[in-house]
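Heads up: the sequence lines are chains S and R, in that order. Under our numbering, the first residue of the first sequence is numbered 16, with each subsequent residue one higher. Under our numbering, the first residue of the second sequence is numbered 4, with each subsequent residue one higher.
Treat each hint with caution, since some may be false.
[To be verified] Under 8 Å between C-beta atoms, here's a sample of chain S residues computed to sit facing chain R:
#1 Glu78
#2 Val88
#3 Asp89
#4 Glu119
[What the hints assert, rightly or not] Far from chain S, by Cβ distances over 10 Å, these chain R residues were calculated:
#5 Leu11
#6 Asp21
#7 Val62
#8 Phe63
Keep in mind the hints are simulated off the structure, nothing from the lab. All C-beta atoms in this analysis are idealised placements derived from N, C-alpha and C, irrespective of residue type, glycine included.
For reference, the chains in residue letters:
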Amino acid sequence: MTTTRTKPPRRRALSTVVAGLAGGLLIMVAVLKQGAPIWSAALGFAILAGYAALLFVFQARNETIGTLAGNPVDERWGLIHSRAMEFAATCAAVAAVAGYLITEFAGRDNWQFALMAIVVGLSYLAGIVWFRRRL
Amino acid sequence: MTNDVRKLREDRALSQGDLAKDLGVSRQTVNAIETGRYLPSLPLALAIGRYFEKPVEEVFHDDDKN
Chain S
16 MTTTRTKPPR
26 RRALSTVVAG
36 LAGGLLIMVA
46 VLKQGAPIWS
56 AALGFAILAG
66 YAALLFVFQA
76 RNETIGTLAG
86 NPVDERWGLI
96 HSRAMEFAAT
106 CAAVAAVAGY
116 LITEFAGRDN
126 WQFALMAIVV
136 GLSYLAGIVW
146 FRRRL
Chain R
4 MTNDVRKLRE
14 DRALSQGDLA
24 KDLGVSRQTV
34 NAIETGRYLP
44 SLPLALAIGR
54 YFEKPVEEVF
64 HDDDKN
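In isolation and in its complexed conformation, chain S is listed as follows (with noise of 0.2 Å):
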């Protein structure tokens, strides 16, 4: 019997909690660079690494969990993966431009919206160049 299944493989589950771990000390190195308590930074490193932390215990356990932590149980969870990144990304792109002209508008600094907007858009010409081969 042929199947579609795609059980979580161990590295990628780990590779979860080591992104969770990485994003938390970058943030806590980061807060702690400005000079804030070392509670604050504690904080924002326990947020991640626990997120991270409750995605690798739980992905086995659950479809939405196991999605959310890369690790699509099936097609058409890996379906629902892809239509939720694309609704992210674009939810992205509508935030960096609207943030960009409202900057521009207020006539604020908006490198980093202009900057966001670039990336979206380069990485979109880069997707379709991409995929245009392989599908």
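Based on the hints, put chain R in the right spot on chain S.
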């Protein structure tokens, strides 16, 4: 597109969970296929056809053509 997955499953007295386990997908995915909310990929449609020992076109029907 419509399909006979629910009927074929019930004829064999299988639960959605049983079929999902045998096909290697989640129970929600079987439910989504049965209700027509999700159109399976060709490999999964072929696996479903093989599972019920029927050609895929006897399990899935293109309503526009009928």
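A quick look at each hint next to the structure:
| no. | hint | result |
| --- | --- | --- |
| 1 | Glu78 | holds (5 Å) |
| 2 | Val88 | holds (5 Å) |
| 3 | Asp89 | holds (4 Å) |
| 4 | Glu119 | violated (43 Å) |
| 5 | Leu11 | holds (15 Å) |
| 6 | Asp21 | holds (13 Å) |
| 7 | Val62 | holds (15 Å) |
| 8 | Phe63 | holds (15 Å) |
Checked against the numbered hints given earlier, this structure breaks only hint 4.
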